[in-house]
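**Student:** Listed here are the chains, written in short residue letters.
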Amino acid sequence: DVKVTQSSRYLVKRTGEKVFLECVQDMDHENMFWYRQDPGLGLRLIYFSYDVKMKEKGDIPEGYSVSREKKERFSLILESASTNQTSMYLCASSPQAVGGSIFDTGELFFGEGSRLTVL
Amino acid sequence: KQEVTQIPAALSVPEGENLVLNCSFTDSAIYNLQWFRQDPGKGLTSLLLIQSSQREQTSGRLNASLDKSSGRSTLYIAASQPGDSATYLCAVKVIGYGNKLVFGAGTILRVKS
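Protein sequence lines, in the order shown, are assigned to chains X and S.
Sequential numbering of the first sequence, starting at 882, is according to this note's numbering.
Sequential numbering of the second sequence, starting at 1496, is according to this note's numbering.
Keep in mind that the hints are not guaranteed to be accurate.
DEER-style ranges, computed between Cβ atoms [to be verified]:
hint: 1; chain 1: S; residue 1: Arg1567; chain 2: X; residue 2: Pro920; range: 18 to 28 Å
hint: 2; chain 1: S; residue 1: Ala1574; chain 2: X; residue 2: Lys899; range: 45 to 55 Å
hint: 3; chain 1: X; residue 1: Lys938; chain 2: S; residue 2: Arg1567; range: 28 to 38 Å
hint: 4; chain 1: X; residue 1: Ser948; chain 2: S; residue 2: Ala1574; range: 43 to 53 Å
hint: 5; chain 1: S; residue 1: Ser1523; chain 2: X; residue 2: Arg925; range: 18 to 28 Å
hint: 6; chain 1: X; residue 1: Glu950; chain 2: S; residue 2: Arg1556; range: 38 to 48 Å
Computed footprint of chain X on chain S; a stretch qualifies when at least three of its residues, placed anywhere within it, have a C-beta under 8 Å from a C-beta of chain X [said to hold, decoys possible]:
hint: 7; region: 1529-1543
hint: 8; region: 1597-1605
Chain X regions said to be covered by chain S (calculated; three or more residues, Cβ under 8 Å) [as the list claims (entries may be wrong)]:
hint: 9; region: 919-932
hint: 10; region: 990-996
Hints are computed from structural coordinates only; laboratory data are not their basis.
It should be emphasised that the depicted structure is a prediction, and the values quoted were computed from it without experimental measurement.
By construction, the Cβ of each residue, glycine as well, lies at the ideal position given by its N, Cα and C atoms.
Start from the sequences, fold in the hints, and give me the full structure.
**Tutor:** Written out as structure tokens, the structure is:
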């Protein structure tokens, strides 16, 4: 079974702190994603990566950065946390679909989520 | 811009009923469509993935169909159980939209024992 592990299930941080959210997948997937989920707004893509050291902005990248130094690990960084970044953060990974381009990804697998509260 | 709509927003049924959840999308140029379930406070669990060239996929009591031309997918759950209670989301991967999935808002399902 595919396992996507998010290191922290619950975090409480103060405004202005630097926050790291870590995600590790064990299936050698090329693609990794960070979403946030908010009531009434659904899931929104923050960043994704289709290879080591490669990243692409999603729909709401402002206030976030990412790092992918190793294929299995994708980190989301909040340089200076703000209260409007209080949310559920979800990491996902997927293989590249056979015969497809880097954008034609296969099935998406999610981690358990990290609930971040910024005070 | 691709929009994904899920109807109904919420559904409550007695145990044992067969039920259908609906997902519609506005742009038929998709790579695939995926159904997920989400339990409260948890991540999403993949249920079924349908590629654009496929018409349906089955897994146990679940069957998902895809009609790309009409922009519709249905998730059929047979013989529902209380453990099926969760939020069900569909998501489409749009051609020409990079690596992004567009998610519906979900259907909250409650199966009463």
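**Student:** Now tell me, hint by hint, if it's right for this structure.
**Tutor:** Right, here's what the structure says about each hint:
no.: 1; hint: Arg1567(S) - Pro920(X): 18 to 28 Å; in the structure: holds, 26 Å
no.: 2; hint: Ala1574(S) - Lys899(X): 45 to 55 Å; in the structure: holds, 50 Å
no.: 3; hint: Lys938(X) - Arg1567(S): 28 to 38 Å; in the structure: holds, 31 Å
no.: 4; hint: Ser948(X) - Ala1574(S): 43 to 53 Å; in the structure: holds, 46 Å
no.: 5; hint: Ser1523(S) - Arg925(X): 18 to 28 Å; in the structure: holds, 23 Å
no.: 6; hint: Glu950(X) - Arg1556(S): 38 to 48 Å; in the structure: holds, 42 Å
no.: 7; hint: 1529-1543; in the structure: holds (count 8)
no.: 8; hint: 1597-1605; in the structure: holds (count 4)
no.: 9; hint: 919-932; in the structure: holds (count 5)
no.: 10; hint: 990-996; in the structure: holds (count 6)
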